[in-house]
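Next come the chains, spelled out residue by residue.
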Amino acid sequence: GQQLNQSPQSMFIQEGEDVSMNCTSSSIFNTWLWYKQDPGEGPVLLIALYKAGELTSNGRLTAQFGITRKDSFLNISASIPSDVGIYFCAGPNAGGTSYGKLTFGQGTILTVHP
Amino acid sequence: SAVISQKPSRDICQRGTSLTIQCQVDSQVTMMFWYRQQPGQSLTLIATANQGSEATYESGFVIDKFPISRPNLTFSTLTVSNMSPEDSSIYLCSASGQDANSPLHFGNGTRLTVT
Chain A
134 GQQLNQSPQS
144 MFIQEGEDVS
154 MNCTSSSIFN
164 TWLWYKQDPG
174 EGPVLLIALY
184 KAGELTSNGR
194 LTAQFGITRK
204 DSFLNISASI
214 PSDVGIYFCA
224 GPNAGGTSYG
234 KLTFGQGTIL
244 TVHP
Chain B
28 SAVISQKPSR
38 DICQRGTSLT
48 IQCQVDSQVT
58 MMFWYRQQPG
68 QSLTLIATAN
78 QGSEATYESG
88 FVIDKFPISR
98 PNLTFSTLTV
108 SNMSPEDSSI
118 YLCSASGQDA
128 NSPLHFGNGT
138 RLTVT
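Protein chains in written order, with my numbering: chain A, 134 to 247; chain B, 28 to 142.
Just chain A, same shape as in the assembly (with noise of 0.2 Å):
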């Protein structure tokens, strides 16, 4: 089945320092999201790209598709102490549209020290 091969695993930041993280697969998608989990809660959309080669922001957030539909990147800026978290990359299965159906990444941890 389809990968989703993200990296870094993990991040430990200092507070204010820009992070930059991707997601990798060798099949392409037609669409990247990615989410952010909070301890004990459920993922929460970040940010949706449909178009290869989009770049799209939320608040610090910016996050691009990449042009041969196989990678996409989320950087966040100026982090802060409540971006501590997992962030997933998702795409839907089998390079279709249905977005109920999603293969995910591993996750990224992501630590901001004060």
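Because the hints were derived from the structure by calculation, they are not lab data.
A few of these clues could be false.
Capping the alpha-carbon separation at 20 Å, the derived lysine to aspartate or glutamate pairs in EDC-like fashion look like this [said to hold, decoys possible]: (1) A:K234 <-> B:E85; (2) B:K34 <-> B:D114; (3) A:K234 <-> B:E81; (4) B:K34 <-> A:E148.
Label pairs and their computed distance ranges (CB to CB) [said to hold, decoys possible]: (5) A:S143 <-> B:G87: 25 to 35 Å; (6) B:P112 <-> A:S143: 25 to 35 Å; (7) A:S215 <-> B:S32: 19 to 29 Å; (8) B:T47 <-> A:S160: 28 to 38 Å; (9) A:G149 <-> B:Q49: 34 to 44 Å; (10) A:S215 <-> B:Q68: 22 to 32 Å; (11) B:F88 <-> A:I200: 11 to 21 Å; (12) B:T47 <-> A:E150: 43 to 53 Å; (13) B:V89 <-> A:S160: 22 to 32 Å; (14) B:P98 <-> A:A211: 24 to 34 Å.
Fair warning: this is a prediction, and the values are worked out from it, not measured in the lab.
Think of the CB as a built atom: it goes at the ideal place given N, C-alpha and C, for glycine as much as any other residue.
Could you slot chain B onto chain A? The hints should help.
Chain B only, in chain A's frame:
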């Protein structure tokens, strides 16, 4: 976006018993799904909850172990049957809104521990 509520939020159950998890959405949604998140792992799709018909299961998941109901467009249940410690996970309900092509939103999950 839809607000998704799950009950219970957590439970500790004995081996061999069953637990039914409820998922309520605050608006009618086209699609509802159940995911599992094993400890320290990512999310894996269990099944699609189809309104008025049998759920569609992903490879590795079967109806006898994870029976699912979806009686209407706002409610679904997942039962974890004949539990073993390997079933200890977070079970997450999700919904994709009125448009099947709208991104997925999740409930807060049910944290299940089987002893």
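B:P112 versus A:S143 beta-carbon gap, inside 25 to 35 Å or not: holds, 26 Å
Hint check for A:S160 and B:V89 - Cβ pair distance inside 22 to 32 Å: At roughly 26 Å between Cβ atoms, A:S160 and B:V89 fall inside 22 to 32 Å, so the hint holds.
Cβ distance range 34 to 44 Å for A:G149 and B:Q49, holds or violated: holds, 43 Å
Pairwise beta carbon distance, A:S215 to B:Q68, judged against the given window 22 to 32 Å: holds, 24 Å
Restraint check for A:K234 with B:E85, where alpha carbons must lie at most 20 Å apart: Answer holds: A:K234 to B:E85 is near 10 Å, not above 20 Å.
Range agreement (Cβ of B:G87 with Cβ of A:S143, hint 25 to 35 Å): holds, 27 Å
Beta-carbon spacing of B:P98 to A:A211 - inside the hinted bounds 24 to 34 Å or not: Since B:P98 and A:A211 have Cβ atoms about 47 Å apart, the given range 24 to 34 Å is violated.
B:S32 and A:S215 - C-beta distance against the hinted 19 to 29 Å: For B:S32 against A:S215, whose Cβ atoms are near 23 Å apart, the range 19 to 29 Å holds.
Consistency of beta-carbon spacing, A:S160 to B:T47, with hint 28 to 38 Å: holds, 35 Å
B:F88 versus A:I200 beta-carbon gap, inside 11 to 21 Å or not: Cβ of B:F88 to Cβ of A:I200: about 35 Å, so the range 11 to 21 Å is violated.
Given pair status - B:D114, B:K34, alpha carbons within 20 Å: holds, 17 Å
Proposed proximity, A:E148 with B:K34 (alpha carbon, max 20 Å): Given pair B:K34, A:E148 is violated - Cα atoms ~36 Å apart, limit 20 Å.
Consistency note: the structure conflicts with the earlier hints numbered 4, 11, 14.
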